[in-house]
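> Top to bottom, those sequences are chains F and Z. 344 is the number that the numbering used here gives the last residue of the first sequence; the numbers go up by one with no jumps. 688 is the number that the numbering used here gives the last residue of the second sequence; the numbers go up by one with no jumps.
I should point out that these hints are in silico values taken from the structure, not numbers from a laboratory. From a predicted model like this one, the values you see are computed outputs, not experimental measurements. Possibly wrong hints are sitting among the right ones.
[What the hints assert, rightly or not] Taking beta-carbon pairs under 8 Å as the criterion, some of the chain Z residues facing chain F (in silico):
hint, residue
1, Ala451
2, Leu538
3, Ala545
4, Met549
5, Leu557
6, Met562
7, Ala563
8, Gly593
9, Ile646
[Stated by the list, open to error] With a Cα cut of at most 25 Å, we get these calculated SDA-like pairs of lysine to any residue:
hint, chain 1, residue 1, chain 2, residue 2
10, Z, Lys526, F, Phe310
11, Z, Lys526, F, Asn311
12, Z, Lys367, F, Glu292
13, Z, Lys673, Z, Asn655
14, Z, Lys525, F, Gly306
15, Z, Lys677, Z, Val489
16, Z, Lys384, Z, Leu452
17, Z, Lys367, F, His260
18, Z, Lys626, F, Ser224
19, Z, Lys525, Z, Gln573
20, Z, Lys384, F, Ser301
21, Z, Lys384, F, Lys66
22, F, Lys23, Z, Gly650
23, Z, Lys525, F, Phe310
24, F, Lys182, Z, His604
25, Z, Lys367, F, Arg299
26, F, Lys333, Z, His604
27, F, Lys23, Z, Glu644
28, F, Lys181, Z, Glu652
29, F, Lys282, Z, Gly650
30, Z, Lys677, F, Phe26
Every residue, glycine too, gets a C-beta built ideally from N, C-alpha and C.
There are 2 protein chains.
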Amino acid sequence: MVPTVEWKDGAVRILDQSRLPDKVEFVDCRDYETVGIAIKELWVRGAPAIGIAAAMGVALGAQAVKAVEFDAFRKAVWAIADYLAATRPTAVNLFWAIDRMKRRLEALQAEPIPAIKQKLIVEAQAVLDEDIAMNKAMGRHGSTVIGDGQTILTHCNAGALATGGYGTALGVVRAAWDAGKKIRVVADETRPVLQGARLTAWELMQDGIPVTLITDNMAGTLMSQGRIQVCIVGADRITANGDVANKIGTYSVAVLAHAHGIPFYVAAPSSTIDLSMPSGDKIPIEQRDPREVTHVRGRESIAPDGCEVFNPAFDVTPARLITGIITEKGIFKPSELAEKMRLR
Amino acid sequence: MVPTVEWKDGAVRILDQSRLPDKVEFVDCRDYETVGIAIKELWVRGAPAIGIAAAMGVALGAQAVKAVEFDAFRKAVWAIADYLAATRPTAVNLFWAIDRMKRRLEALQAEPIPAIKQKLIVEAQAVLDEDIAMNKAMGRHGSTVIGDGQTILTHCNAGALATGGYGTALGVVRAAWDAGKKIRVVADETRPVLQGARLTAWELMQDGIPVTLITDNMAGTLMSQGRIQVCIVGADRITANGDVANKIGTYSVAVLAHAHGIPFYVAAPSSTIDLSMPSGDKIPIEQRDPREVTHVRGRESIAPDGCEVFNPAFDVTPARLITGIITEKGIFKPSELAEKMRLR
Numbered sequence: 001m002v003p004t005v006e007w008k009d010g011a012v013r014i015l016d017q018s019r020l021p022d023k024v025e026f027v028d029c030r031d032y033e034t035v036g037i038a039i040k041e042l043w044v045r046g047a048p049a050i051g052i053a054a055a056m057g058v059a060l061g062a063q064a065v066k067a068v069e070f071d072a073f074r075k076a077v078w079a080i081a082d083y084l085a086a087t088r089p090t091a092v093n094l095f096w097a098i099d100r101m102k103r104r105l106e107a108l109q110a111e112p113i114p115a116i117k118q119k120l121i122v123e124a125q126a127v128l129d130e131d132i133a134m135n136k137a138m139g140r141h142g143s144t145v146i147g148d149g150q151t152i153l154t155h156c157n158a159g160a161l162a163t164g165g166y167g168t169a170l171g172v173v174r175a176a177w178d179a180g181k182k183i184r185v186v187a188d189e190t191r192p193v194l195q196g197a198r199l200t201a202w203e204l205m206q207d208g209i210p211v212t213l214i215t216d217n218m219a220g221t222l223m224s225q226g227r228i229q230v231c232i233v234g235a236d237r238i239t240a241n242g243d244v245a246n247k248i249g250t251y252s253v254a255v256l257a258h259a260h261g262i263p264f265y266v267a268a269p270s271s272t273i274d275l276s277m278p279s280g281d282k283i284p285i286e287q288r289d290p291r292e293v294t295h296v297r298g299r300e301s302i303a304p305d306g307c308e309v310f311n312p313a314f315d316v317t318p319a320r321l322i323t324g325i326i327t328e329k330g331i332f333k334p335s336e337l338a339e340k341m342r343l344r
Numbered sequence: 345m346v347p348t349v350e351w352k353d354g355a356v357r358i359l360d361q362s363r364l365p366d367k368v369e370f371v372d373c374r375d376y377e378t379v380g381i382a383i384k385e386l387w388v389r390g391a392p393a394i395g396i397a398a399a400m401g402v403a404l405g406a407q408a409v410k411a412v413e414f415d416a417f418r419k420a421v422w423a424i425a426d427y428l429a430a431t432r433p434t435a436v437n438l439f440w441a442i443d444r445m446k447r448r449l450e451a452l453q454a455e456p457i458p459a460i461k462q463k464l465i466v467e468a469q470a471v472l473d474e475d476i477a478m479n480k481a482m483g484r485h486g487s488t489v490i491g492d493g494q495t496i497l498t499h500c501n502a503g504a505l506a507t508g509g510y511g512t513a514l515g516v517v518r519a520a521w522d523a524g525k526k527i528r529v530v531a532d533e534t535r536p537v538l539q540g541a542r543l544t545a546w547e548l549m550q551d552g553i554p555v556t557l558i559t560d561n562m563a564g565t566l567m568s569q570g571r572i573q574v575c576i577v578g579a580d581r582i583t584a585n586g587d588v589a590n591k592i593g594t595y596s597v598a599v600l601a602h603a604h605g606i607p608f609y610v611a612a613p614s615s616t617i618d619l620s621m622p623s624g625d626k627i628p629i630e631q632r633d634p635r636e637v638t639h640v641r642g643r644e645s646i647a648p649d650g651c652e653v654f655n656p657a658f659d660v661t662p663a664r665l666i667t668g669i670i671t672e673k674g675i676f677k678p679s680e681l682a683e684k685m686r687l688r
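Work the whole structure out from these sequences, hints included.
Printed below as a string of structure tokens:
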């Protein structure tokens, strides 16, 4: 797979996913503002990937800070962090990664500014490397829920493209595939931004993993026909009670899976778990531009001019509909997640 | 509303719905083959409307038949009927309307060919006029299920555009609106062909009825937030046990409505009811071109080249998920439908 986000020659190189699958193009962000735009405009998306991009954005911004004294340097870096934290509200990995960079900055305060700048790059790189390692661990744990010959339904893109690499939900799929299981993925196209059609189908086809694309409204019918054995999705935020915010439409998939007795798993690294939030109804849900609904890919109009729309980017799936949460530390029931995480 | 299908100056004039909402354009079909293309290519769509178009197509084709003797004339008209019957497999109104024209032809066999030709036009016009009358009757019965201030979720387009005029599901909405109820429609965009975005939103906006467009995967979330009070959809075929074939995604809406305790109604004229078929699993489901899924409006590519897709145009909602079936004769429970219809 092509890298989603990387530190390259003093810039943050981001794969512009808004152009996939037509074009594989990279943007070299040379200032933190451009990293912010890349997050807002969905050039980079997926909770783990925007966390990585934000960490690298903080490191990138820090390089350009002129301050020679720590307090002024910190103040400038915090302003960069605040800017990046304001890009998107729902995925907690963004805030987790930015907080991690701020904590690292505090820990480095006794060191000379040039050394701090260098070590912030190292820290951002560590966020990326650890993300890939967590995905692979998730894959090892999670692949056990996929049986040989099964078909997995997924929604949106929780793949290599949503992470530093390998993927969360699709990392689990990759691990099952790599273990020799004959599997197939059914990908919801995931309107309005079509991450399933544009990204999930593309990345699985790149790896030669069988994939069938459907419109979002076909999932229930396939379930009723016995053609889906397990659902696996990613997450943007998991609250202490095991509720999960994820791409709009995830909730419907979970209700449909429940109605058909099909197991429904969420795969996410522990950086997605927000123990400070008791339940999903507290999660801020991003409302995006109506044009995402009235147009396809920003170009093709599909609705009358002036049509009213709703466009929440995420929804919340309650813990009761979730069979298990696959993390790098193992698979947990939603109800036991908080306890297991606090123990570690 | 503009007429969907009409007999005009010796031609069948069809509103080309594939161009809506950008352009309001009509095609004058001057031979029955063009009527067949109009049905296959979805210039005219919606179970009642394709029934009307097919009836008019039979009448149109009959005008051009050169035979002067009844047996030869009948043979030619039957060939036209067979051609039109092969255009789409799921909606039973198509076969119902064609059978009605064939029965009318039989009844006219003692008359001179020119008189038969004229009376076939009259019969096709009656199919149209009766459809509008049935829709209005359905509206009178059905509007009682919509309370003042309620929001109605609908899927696909079961409106004036799907019928001779006024609509089935949207006819019920219109009747409630005309009765002074302050209501709102939430329209599923209805991928892949986007009849909700392109047609339902457009026709309701034309009438000034408040409508909010959503992607299909948002319906469950709105239900969970208490923002939908009732679901009303159309039907392409209703079997003797009360199972309903309708646009792909209808089944998911019904499961979601059931899970949230929201009433789910189907509005359809009795020509949609196929008492010869015991249950929905026998209904032939049309599989359409994969390009409808991989592209939007035939133009905008949204998926990788060569991507596998499913594209069933319809699904079947079992009777147990249906609160009531609204017909021109009243509202019936799915389980009592066959008995009530046989009585009449």
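> All hints, please: hold or fail.
Hint check:
| no. | hint | verdict |
| --- | --- | --- |
| 1 | Ala451 | violated (41 Å) |
| 2 | Leu538 | holds (5 Å) |
| 3 | Ala545 | holds (5 Å) |
| 4 | Met549 | holds (5 Å) |
| 5 | Leu557 | holds (5 Å) |
| 6 | Met562 | holds (6 Å) |
| 7 | Ala563 | holds (7 Å) |
| 8 | Gly593 | holds (3 Å) |
| 9 | Ile646 | holds (5 Å) |
| 10 | Z:Lys526 - F:Phe310 | holds (20 Å) |
| 11 | Z:Lys526 - F:Asn311 | holds (23 Å) |
| 12 | Z:Lys367 - F:Glu292 | holds (22 Å) |
| 13 | Z:Lys673 - Z:Asn655 | violated (34 Å) |
| 14 | Z:Lys525 - F:Gly306 | holds (23 Å) |
| 15 | Z:Lys677 - Z:Val489 | holds (13 Å) |
| 16 | Z:Lys384 - Z:Leu452 | violated (30 Å) |
| 17 | Z:Lys367 - F:His260 | violated (42 Å) |
| 18 | Z:Lys626 - F:Ser224 | holds (15 Å) |
| 19 | Z:Lys525 - Z:Gln573 | holds (14 Å) |
| 20 | Z:Lys384 - F:Ser301 | holds (23 Å) |
| 21 | Z:Lys384 - F:Lys66 | violated (67 Å) |
| 22 | F:Lys23 - Z:Gly650 | holds (16 Å) |
| 23 | Z:Lys525 - F:Phe310 | holds (23 Å) |
| 24 | F:Lys182 - Z:His604 | violated (36 Å) |
| 25 | Z:Lys367 - F:Arg299 | holds (17 Å) |
| 26 | F:Lys333 - Z:His604 | holds (24 Å) |
| 27 | F:Lys23 - Z:Glu644 | holds (14 Å) |
| 28 | F:Lys181 - Z:Glu652 | holds (20 Å) |
| 29 | F:Lys282 - Z:Gly650 | violated (42 Å) |
| 30 | Z:Lys677 - F:Phe26 | violated (58 Å) |
Checked against the numbered hints above, the structure breaks hints 1, 13, 16, 17, 21, 24, 29, 30 and satisfies the rest.
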